[in-house]
Structures are given as C-alpha cells and as structure tokens.
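Below, each chain spelled out in residue letters.
Protein chains: 2
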Amino acid sequence: MENTDSGFFTDYVIAIVGLGLIGGSYAKGLRKLHVRSIIGIDVNQAALAEALADGSIDEASNDGSQLLGEADIVIFCMAADAMMAFIGQHRQDFKQGALLTDVAGIKGDSADRIRSLLRNDLDFVPGHPMAGREGSGYGMSRAEIFDGANYILVPMEGNKPEHVDVIERMARALGCAHVVRVGAAEHDKLIAYTSSLPHVLAISLINSESMDTMTRYFVAGSFRDGTRVADINAPLWTKLFLSNKDNLLKEIDRFSASLKAFAELLSDEDTKGMTQFLQQAALRRRELVHETNPR
Amino acid sequence: MENTDSGFFTDYVIAIVGLGLIGGSYAKGLRKLHVRSIIGIDVNQAALAEALADGSIDEASNDGSQLLGEADIVIFCMAADAMMAFIGQHRQDFKQGALLTDVAGIKGDSADRIRSLLRNDLDFVPGHPMAGREGSGYGMSRAEIFDGANYILVPMEGNKPEHVDVIERMARALGCAHVVRVGAAEHDKLIAYTSSLPHVLAISLINSESMDTMTRYFVAGSFRDGTRVADINAPLWTKLFLSNKDNLLKEIDRFSASLKAFAELLSDEDTKGMTQFLQQAALRRRELVHETNPR
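Residue numbers (our numbering), protein chains in the order written: chain A, 6 to 300; chain B, 6 to 300.
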C-alpha cells in the first residue's frame, strides 16, 4: 500500500468507462502512479486491444458486468447521456461502497438524475478536468494532458468529504496544478466563458464569409491559434452548447459588447482609448500566464 | 559563390536595419545560409553587442552611414514611419543599385512615399513574412520562425522582376513554405481577416466583463489559445489597426454576422443547423491544416 506525494492512495482497483482521448489519458496517467489494477470498459474493441497491448490497462471488457464488481473507483469518460444509460443498466454490478466520478463538461441538473439511478451505498463525485488536446480517440490519449492543468470538482449534496478528497488527491497525483470546488450552477456559468465561448469564437472566425481559397497563404500564428479548436466534434459540442444555452448566450452578448467597444474606438480613431484597451488586454493575459500554467 | 537549394545566391552583403525579434531572426537565418557578410544596424547598442557576440552579424553600427554602402540587400525590420525617416536620412548612403525590402504588416499607400524618398537606381520590393513569436527584442529572435511560414510579396510598379525573384528565393531559403505575390490593396484586405481580426478577438475575449479572479482556475486550452496574442505591443498594434481601419471594421462586421448566425441557431435550439455550422468549421480547419503548415 502506497501513497503518492499528493497523498493519493494507490492500492485501488480503478475502472475507466470509455477509453477515448480522456479515458485513455486517465489509464496512462494512473498506470504511471502504479495503482493496483486498471480495468478498461469500452464498446470499441480496438481501443481495448491497444490499451492492453501497451500495458495501460490490466483487464478489458466490452460490457463491464463481470469486472465492475472489482472496482473501488469508477471514472466515466463518455457523453453524459451514455453515462446515465450505463449506470442505469449496471445498477447492480458496482462494488459495494464504490466511489464514482465523471468528466462531463456541463453539470446542469444532472446531479438529481444521477442520484435517482444509483444504489444508496454508492457515492458519485462529479468532476471536470480542464485537460485535453486536439483530435479524439485512444490513439491521441497521453498521460501528460493533466500536467499543470486545472481540475474542477462539483460535489453533490450527500457526498462523503473523504471521497471528494480522494478525487482531489488523484487529480494532483496525475499532475494537475489547481483543484477547485464549486457548485454546479457556478461551474456552468464559468465554463460558458472559459471554454464554450472560445470554441464559439473559433468556429465563427473560420465560418466568416471572408474565409476563401487565398486565406491559407496569409495565415500566421494568430489565425492558427484562434481557430485551433474549430476542428470540433460537431454532434458532441452541439449537445454541450445546448445544455448550457442561457449561460452561453449571455457570454456571447458580453463578448459582443467588448468587441463593439473596440470597434467604436477604432471607428472614432481614438488612439488613446485603443491603446488603453490593448494595454488592459496585455496586462490581463500576462497575469493569467503568471498565475496559471499557460501552455 | 554559392546557391542554396532554393536558388538563393548567397554571395551577398546583407544589411538588416532593426535587430529586434524579426530583424534578429533574419540575421540568424541568413547566417545559417552562409551569406557573405551581415551588417546589423540598430540604435540599441545591447542588441548589436549580443548579435556580434553570438556571431549572427559581422559588422555593427548605430547609424549605418558608413556601412550601408557595402550592402547589396537591405532589409528594414522596423515600424513604417521609422523606416521612412531612415531612408530619407540615408538617401545618399546606399550602394549603387541596391535591393531594399521590408516586413511592414500593412502596405496601404506607402509605395508612393517610399518611391519619392529613393534614388532612381535603388529598387524597393515590399515584403511581409507571416512569421513571429511571442515577446519582442533580439533575445527572442530565432532562425526557426520562418520554418513552414507564409511570405507575402507586394511588388511595386517598376520593380525589376529579377529582384522580386531574389526576395522570393531568400524567403524559401530561410524555410518559408509558401510565397505569394499580391497588390497592396489586396494584401491589406486579406491581412485584416487573417491577422488583425484574430488579435482583436483575443483582446476582446480577455477584456470581457466576465474576466475575473476565478477565471484562472477554469481555463483550458481553448481559452489559452484564444487569448495568446492578447499580450500585445499596444502602441504598435494601435497604429497597425488605425492604418487599416476600413478593412478591419469590415472584418469585424463579417465576424459579428457569423457569430450572430450561431447565436440565433442556439437561441432557436436548432440542433441540425448548429451541427452543420460546427461541421463546416471543422472541415475548414482541417483543410487549412492540410494545405498549410499549421504549427
């Protein structure tokens, strides 16, 4: 029995449901921490075979009915609706007293739905690692996506405090630099600004009518950076945007007001006002880099 | 006398006026190509000393009056107004028949002003390397900023075709992947979309009233990417934006129309329309990566 530097106890059997980019990254990161055993559950046989072959998981299952009973911790790395269906279907398969967590990007009112599906002895601590990379699928997964990342915990009423601590210690052991705890409503409001909005700006930029066949010869770093996340999983993000509609519409309005303020300064040729607007942005960006891992 | 693979003839003496991030990167890149001699001209004595010490330049001058007469090619890496002043002041110092070029981000109507300042035997071929990196100053300069980059040539009436070819071959020899030639008006129109607009979006995003002390714990890659260029040289970019005001205001309008189209689909909960909007963005981004060096 061991503890990592972060205090994360590693003598657990951990099941990961969904071995895509995020789930695979958990498997690879937890493997480096030498946890007792890792179970991979996915309908995708190729992902399971790859994870077994590279040693990231110890046991694999398409279904999970047989193996879930061994898992002290279960991490759901899949779309929220698929997770709900899985929990309902496997209600009787989880180990007595198991700790469950997830990675869903919007928390909304899912707590009540999850609670209604769970046996009373199970504890579900919602989480949201602010980690990822371009692409999708197990082949793109990397233990390093957690390095220096933010990790948000969104505890539900009734969570055992020690279980919330376990997930926090796991996040730190995986390499995350900051772990915060907030309520679901606050989470969704903040995420609308820091994640949904930048995706919306990227897709709106590349969908401008100005995009044409010449554009490719004129792009530099700012356009590449500004459109990087435009290569998006369309059905997944459409669901995410819709599930946080009111917060996102409000953030689009606030962004539009900021853009309009700049456009008016430019239209008025207000050199002093423009310089101040740019200086404020530069200062905020530098503070953000200073305070967080900028990557 | 040697030629590089790109056909760039390397037996030139090349003067670089302005040894900041861009000028220093030219010096380092041209040094790797083994050009005959590199002259550095800058009012900043520390930058000259550093470039001499690391071997990127052979001769240094604060002023240039004595050394300009040796240079077959002069590359101006400084703000447009400072360049005009320098050319006027050193009208008689350039070598007979020298080839001059620049890196200014907006071309506007500067061709006429440049022509009026030049002796008749000199040929000025405007250029714009779509290359750079964060920060500023000689210490941040790197030969690698040109790797895979776009390089735009904006020939003026009266340019000798062979001189335009020399700059094109130099760009390719430095590592640029694409070299295009366009008129000044077309250049400024395209740049407003591919460079100025992404900078404006980054500063408007970080200047939104939603930015607060909690934001730092909720950022992930999309926000970091989307605000990377917000750490901006405020006086320089204010000038650039003002010198391309009409084109930039038009691009802000077109972007706003694109953003509004998305917001309406979201407001209407039009799942199919949103998915199509996202799929179009993903496809465009993938094509851009496929067609260019995405970095």
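Don't take every hint at face value.
A pair holds if it fits inside one copy or across any two, identical chains being indistinguishable in the list.
As the list claims (entries may be wrong) - Pairs of lysine-lysine residues, derived as DSBU-like cross-links and limited to a Cα-Cα distance of at most 35 Å, are as follows:
{"id": "1", "residue 1": "Lys277", "residue 2": "Lys244"}
{"id": "2", "residue 1": "Lys100", "residue 2": "Lys265"}
{"id": "3", "residue 1": "Lys277", "residue 2": "Lys165"}
{"id": "4", "residue 1": "Lys37", "residue 2": "Lys277"}
{"id": "5", "residue 1": "Lys244", "residue 2": "Lys165"}
{"id": "6", "residue 1": "Lys250", "residue 2": "Lys265"}
{"id": "7", "residue 1": "Lys265", "residue 2": "Lys165"}
{"id": "8", "residue 1": "Lys37", "residue 2": "Lys100"}
{"id": "9", "residue 1": "Lys100", "residue 2": "Lys255"}
No lab work stands behind these hints: they were computed from the structure.
Hint check results:
1. Lys277 <-> Lys244: The answer is between: 11 Å across copies meets 35 Å, while 43 Å in one copy does not.
2. Lys100 <-> Lys265: Neither: 55 Å inside a chain and 49 Å across chains, both beyond 35 Å.
3. Lys277 <-> Lys165: So Lys277 and Lys165 fail the 35 Å test inside a copy (54 Å) and across (41 Å) alike.
4. Lys37 <-> Lys277: neither (53 Å within a copy, 42 Å between copies)
5. Lys244 <-> Lys165: within (30 Å within a copy, 57 Å between copies)
6. Lys250 <-> Lys265: Result: close both inside a copy and across copies, 22 Å intra and 14 Å inter.
7. Lys265 <-> Lys165: neither (47 Å within a copy, 44 Å between copies)
8. Lys37 <-> Lys100: within (24 Å within a copy, 64 Å between copies)
9. Lys100 <-> Lys255: Cα proximity of Lys100 and Lys255: none, with 42 Å in one copy and 61 Å across.
Hints 2, 3, 4, 7, 9 from the earlier list are contradicted by this structure; the remaining hints agree with it.
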